[in-house]
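Keeping the supplied structure of chain S fixed, place chain P upon it in accordance with the hints.
Note that the protein sequences, when read in sequence, are chains S and P.
Sequential numbering from 1 applies to the first sequence in our numbering.
Sequential numbering from 1 applies to the second sequence in our numbering.
None of these hints come from the bench; they were simulated from the model.
All values derive from a computational prediction rather than experimental measurement.
Backbone N, C-alpha and C define an ideal beta-carbon position, used for all residues, glycine too.
Do not take every clue at face value.
Here are some chain P residues pointing at chain S (derived, C-beta under 10 Å) [what the hints assert, rightly or not]:
hint	residue
1	Thr32
2	Lys34
3	Pro52
4	Thr65
5	Glu66
6	Lys72
Chain S residues, not near chain P, derived (Cβ > 12 Å throughout) [stated by the list, open to error]:
hint	residue
7	Cys36
8	Val106
9	Val146
10	Ile147
11	Phe192
12	Ala276
13	Glu285
14	Gly305
15	Lys313
16	Asn343
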Amino acid sequence: MYRLSEKQIDFILNDIGARGVEMASLQQSLLDHVCCIIEQNLEENGDFESFYNTTIQTFYKKELREIEEETILLLTFKNYYKMKKVMIFSGAVSVAAFMFGSFFKVMHWPGAGIMLVCAIMLVSFLFLPLLFILKTRELDSLKNKVILGIGTVLGIMFCMSTLFKVMHWPGANMMWLIGIAIAFLLFLPFYFFSGIRNPETKMNTIVSSVIIVIVVGNLFMLTNLRPNNPTKIFTYLQSEALLAKMHHSVGDTSVLSADNQKLADEINSTCKAIKALVLQDEIGEPVLPKDFDAQKEMIIESSLGDAFMAGDKGQQLILKLKTQVEQYNSAVGNTDSQIAVANSVMDMDFARMDLYTNIFVLNNVTQVQLQLANAVRNTMAGR
Amino acid sequence: MIYSSELIKGTLKTIVLKLLSDNTRMYGYEITQKVKELTFNKIQITEGALYPTLHALESDGLVTTETEYIGKRVRKYYRLSESGKGKTVEKVNELADFMETMVFLLDLKPRVAAL
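The shape of chain P in the complex, shown without the other chains:
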């Protein structure tokens, strides 16, 4: 099952921030591949969602970028900034809390308890 884009949209920022906090620096393609791999293809981040989010994170100062030339093309690496580290913790906690609430709301206790 591939999750709908509506579900991913609200959590994409958190996913990207968390990945960056675990992996020092990453580039766009790498992020999509990593997410695919970690979720056994259940979450496929589209380019149309990823790059706008990365640009927004950059303009918010949550990530810093460095560019590297790969032959003729430029690869942009993203790295968490100091404020980004704090934000990651905040976002992950928020999502965890949200998930707990959803468990209550949708009465999903048995399955999640097993996690």
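Same shape as in the complex, but just chain S:
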């Protein structure tokens, strides 16, 4: 029986560490194991170093690190079935959320937005990562793992760019274009040439590659390469400037009768409330800040938010404005001072809210205010 010296034990421990085994408990287990083997099998004056080297080689196929990798794998995939269940569940929930969300959106029912956002979040942060983790385990070559990794990142990027787009967060377009570039220049070549070499996967690879090219190509055709047009908001900004000037030139002096002044004030405050609803959606504030930069903030023409759907706050405010304007019109009597209801927000068809846009509402409501301000000026001039 061989007796190991402390120096030799240190040597073995160091060597195990140097061979890439990093877990302390595993190092100690292997150390004890090797020592046992040496003590049992090496003659008292045997050659320690060569015996150790041949022994340690029987522990592995390629590298000693395999043992640690296998250990980590077993520890990580203790929850394999739980992860699989969570993946399937999150997938099912997000599919349901996508379907109901889309249906609600078509019907202009409230809650569509939140459902779609939840679906995108679930897919990108639970379903796709879990799919990647579980699938990589089944793949043996590093190349396939990399392809799956790129595919997963691409999926998440596409989801996120859509989410950023609908939430009006910056960077959506850039992310989208980078995604398409990675899909075409990196993912597809990798995927295609590795799959086509294997006779078993050849047909599948060709078919899926063609489908991916068609889908991504179509999406790319829909992509607007020019930057979004920020000029549509300019008209509104000019109208606001004009309104401010008119208010300024009239000043505080009230020329209307007390009753009419009250009606005019009410109309103005309802108009502000409607605009606040739109602006809150676009810039996160109820009024335009003094230093508002249309080039930077980029309010893009888009459909109205949920607040304007199905009897919600926006529609209530518009109905309120209509009543107030009708009261005012009948109070002032003469046509010059009346506010035109036709072709204004007050004339909106609530069943077809998809026809109207954020910029239409902002412009139109401001024009109502301009007409009111003009009526006040007329009254002043008439005095």
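Frame of chain S, contents of chain P only:
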């Protein structure tokens, strides 16, 4: 004949659990030697399979460990936990059932009947 590692892989957990239930506490090297001895060298558990399995059993709470210093090195002893005892019975029964099924499937009746 030494059995292939694929065959051992699926039964290693059961083997380790059963050994621990028969031997109160054991350490890694001891387990490999015991298996060798009991199977007349037919089953040789590799270190690369044993230690990952032991760590997994520990993290599943099926075994508890105690460490002892042997000079400069640390020896880790494994012992069945309460849940490990139940699991052992379950695993051994499962394997026995599996073997019976294999007997049918591969038509091995005469040899196994002699056991």
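Verification of the supplied hints:
1. Thr32: holds (8 Å)
2. Lys34: violated (13 Å)
3. Pro52: Holds, about 4 Å.
4. Thr65: holds (9 Å)
5. Glu66: violated (13 Å)
6. Lys72: Because about 5 Å separates Lys72/P from the closest Cβ in chain S, which is inside the 10 Å limit, the hint holds.
7. Cys36: Non-interface label on Cys36/S violated, nearest chain P Cβ at 4 Å vs cutoff 12 Å.
8. Val106: The assertion about Val106/S holds, with a minimum of 49 Å to chain P.
9. Val146: holds (25 Å)
10. Ile147: holds (27 Å)
11. Phe192: The claim holds: Phe192/S sits with its nearest Cβ about 33 Å from chain P, beyond 12 Å.
12. Ala276: The assertion about Ala276/S holds, with a minimum of 56 Å to chain P.
13. Glu285: Non-interface label stands for Glu285/S: nearest chain P Cβ at 52 Å, farther than 12 Å.
14. Gly305: At roughly 50 Å from the nearest Cβ of chain P, Gly305/S sits farther out than 12 Å, so the non-interface label holds.
15. Lys313: Non-interface label on Lys313/S holds, nearest chain P Cβ at 54 Å vs cutoff 12 Å.
16. Asn343: holds (71 Å)
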